[in-house]
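Novice: Dock chain B against the given chain A, drawing on the hints supplied.
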Amino acid sequence: MNEIAVFFLHGLAYAGLLFLVSAGLTLVFGMMNVLNFAHAAMYMLGAYFSYSIMLRMSGQIWLSLIVCPIALFIIGALIERFLLRKVHANGHVAELLLTFGLAYIITELVKWYWGNYPLAVNVTGFLNGTVQIMGITYPIYRIFIFLCAIFVGLLMAFILYKTRLGIILRAAVNDSETVNTLGVNVPLVFMGVFAFGAALSGFAGVIAGPLLSTFPGMAHDILLDAFVVIVVGGFGSLGGAVVASLLIGELQSFGVLLFPKLSIALMYMLMAAVLIIKPSGLFGEEQ
Amino acid sequence: MKRSIIKSLCFLSAVLILSLPLYAAAADTIKIGATEPLSGTFKDIGERYLDGVVYAAKVINAKGGLLGKKVEVVPIDSELKPDVATRKAQNLIMKDDVRFFCGGTGSSVGAAMSQLAERENVIMYTYGMAAATMTGAKCNRNFFRPCANTDQQSYALAELIARKGYGKVAIIAQDYSFGQEALAAFKKKLAQANPSAKIVAELYHPAGTKDYAPYISQIIAAKPDVIFTPNWGNDLTILLKQGRPMGMSQKIFSYYINDEVTIQALGDDSLMIGNMGAEVYTLSIPTKKNEEFVASFYKDMGYYPTWLRGKAYVATMFWAEAVKKAGTTDVDAVIKAWEGLTYDGPAGLWTMRACDHQAQMPLWYTEIVAKTKFFDHAFEAPAGMAEAKDVSVPCAETGCIMKKK
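Read top to bottom, the protein sequences are chains A and B.
Take the first sequence: its position 107, counting from 1, is numbered 106 in numbering that gives the first Met the number 0, and each next residue is one higher.
Take the second sequence: its position 209, counting from 1, is numbered 208 in numbering that gives the first Met the number 0, and each next residue is one higher.
Bear in mind the hints are in silico, worked out from the structure with no lab data behind them.
Bear in mind the structure is a predicted one, so any value in this text is a computation, not a measurement.
Yeah, the Cβ is synthetic: ideal placement off N, Cα and C, and Gly gets one too.
A couple of the hints might just be wrong.
[What the hints assert, rightly or not] Covered stretches of chain A (chain B as the covering partner; in silico rule of three or more C-beta atoms under 8 angstroms from a C-beta of chain B): (1) 2 to 8; (2) 113 to 126; (3) 157 to 171; (4) 230 to 240; (5) 259 to 267.
[Stated by the list, open to error] Straight-line C-alpha distance at most 25 angstroms; calculated DSS-like pairs for lysine-lysine: (6) B:K187 / A:K260; (7) B:K80 / A:K110; (8) B:K209 / A:K110; (9) A:K260 / B:K222.
Only chain A is shown next, with the shape it has when bound in the complex (with noise of 0.2 angstroms):
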């Protein structure tokens, strides 16, 4: 019994840390009808900005949660406003292709600014400290990383569903030209958008950098990830991005305990599962 209570303990965590890295990528898609390949590429950049920052506060990561999405959101505005926004008109290849290049080009100043080599990133203080739970020793730092999930995932609920702002989104979405007849600048609600997605990719490297390595491929290590959960939960589904990254998450962990032999396929099979029974992913829309 106890047993089983903190593998679920592990698949929460993780399940924290997958919906983090999803959230933005899911949000982008599901508003934008842009699948982000530069996603990973920014929340990279958010745990190399947190490295720099941590370097200077010994090791507190507080500052770091609260600039590297602030920086992010700059860098996303940016993107959108002088190139998604030029190469729309082309088509998805065209904004495929873009945030493709942009993978490529944020990996190589990365490697260039930072060194292509792992570096350190350790939390001090509070975090870095462990509880006991049933019986066992358990760090701190993976209960923020779920909490800091539920916070992100309400938060964008929220503004969502109970605000104003929600309102034209969601509007925006659906019939762009009459919410642009309606005086609402359209275009800025959209890079609003895309520049939110990557403050969320930002925080999401933040988060992700003390527990595992910060280095110049951690981007392409998430990215695949991050696109399972939505392809699972349903591209561009905010819901489906929650229950797929609990279901990949708990998967995961009690997959490692039960059939030690699937560990390294488990994801793949659920995707392929989900693929099967439903195509457009548990929550998805049917296009």
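Specialist: Just chain B, lined up with the frame of chain A:
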């Protein structure tokens, strides 16, 4: 005007192309092509290996060269791709008549280079590619391994754990051929060296795993005395980074524990102190020859010949001994001279076994301690050695059938 510029450019490039083979034939050098990943994710590893080869050439040249000729190292960026490495090597063989190749990164690159060496009758030696099959079932007379393979390294660590009397061992490895081979060899040797020792947990995880918590919980639940892992890179750092806070406090015995970049990447010495490793070359080998080598390297370069650099250096000096003994750069003569040759260098007495071209040498144990004279961060201290015979795999068990020419 434009036309004449194009004309002169054409002429210039024609001259350059024509002069290339002439230059190569005229140059009185012995060339070694060093295949390393010099771009991409593993650039850092490749550059440190290359550094060791280049330094060996420098030392040889400072003493009047090899057979009176200068040794010249030709870096080949393998990009860690077998086809890229062999294509570039093939070019060097045809254009510059390069007969000697070496490399340390990627057993897949090594296997392809080994085949190329056999086909073109050149020599390939490795100071880092560890897959046992390369001097086992897939051995050939043109491939030499002056470094340890997975069998020897796992044997050395199993021997160490047995010597220290640990009874319960947890083992964890990446779920692919390297990890599986390393654990298989470890289990085989531990059963011989200490039959009462028990493997209390045997775990395999996908390479590049991000969340180790489910594995760490299983290790902790098995209550081992120590942990053995051949993990490297992020799979080693994240295991430690996530495992220690969860209470996985056991000593870790690992192939690559003394990598200074890994230790720095952890950024927290307390995660590392007490862990142990075994290598054919470590910076801290307590022999007079090594101390002299480290001192002169540091004087010349301003930094230390840590394991990767040292391994490449010792292996290349060993190769040079073989060429010296042969008295010629003729490939068949060098192969014959290297078989059975011994070399007494910074890392002790090395012998190139004729039956499989796998060098037999001692492995040096290290333990990570808080303070050393080398770095500000935690680093290795010497912790004894395993004799060559303790870690040797008998010729008959390697699966190598060496074809004679």
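Novice: Each of the hints needs a verdict: does it hold here or not?
Specialist: Structure-based check of each hint:
1. Judged by the Cβ-Cβ criterion of 8 angstroms, the region 2 to 8 of chain A is covered by chain B as claimed, because 3 of its residues qualify and three suffice.
2. For the region 113 to 126 of chain A, the stated coverage by chain B is satisfied: 7 residues place a CB nearer than 8 angstroms to a CB of that chain, which reaches the threshold of 3.
3. A count of 0 residues in the region 157 to 171 of chain A with a Cβ less than 8 angstroms from any Cβ of chain B is obtained; the coverage claim is therefore unmet, three being the minimum.
4. Against chain B, the region 230 to 240 of chain A contributes 0 residues with a C-beta closer than 8 angstroms to a partner C-beta. That does not satisfy the three-residue criterion, and the hint is violated.
5. Only residues whose C-beta sits within less than 8 angstroms of a C-beta in chain B count toward coverage, and the region 259 to 267 of chain A has 4 of them, enough to reach three; the restraint holds.
6. Annotation: proposed proximity of K187 (chain B) to K260 (chain A) holds, straight-line Cα distance about 21 angstroms (limit 25 angstroms).
7. Distance hint between K80 (chain B) and K110 (chain A) is fulfilled; the C-alpha atoms sit about 21 angstroms from each other, no more than 25 angstroms.
8. A threshold of 25 angstroms between alpha carbons decides the hint, and for K209 (chain B) with K110 (chain A) the separation of about 21 angstroms falls inside it, so the pair holds.
9. For a cut-off of 25 angstroms, the pair hint linking K260 (chain A) to K222 (chain B) stands: about 22 angstroms separates their Cα positions.
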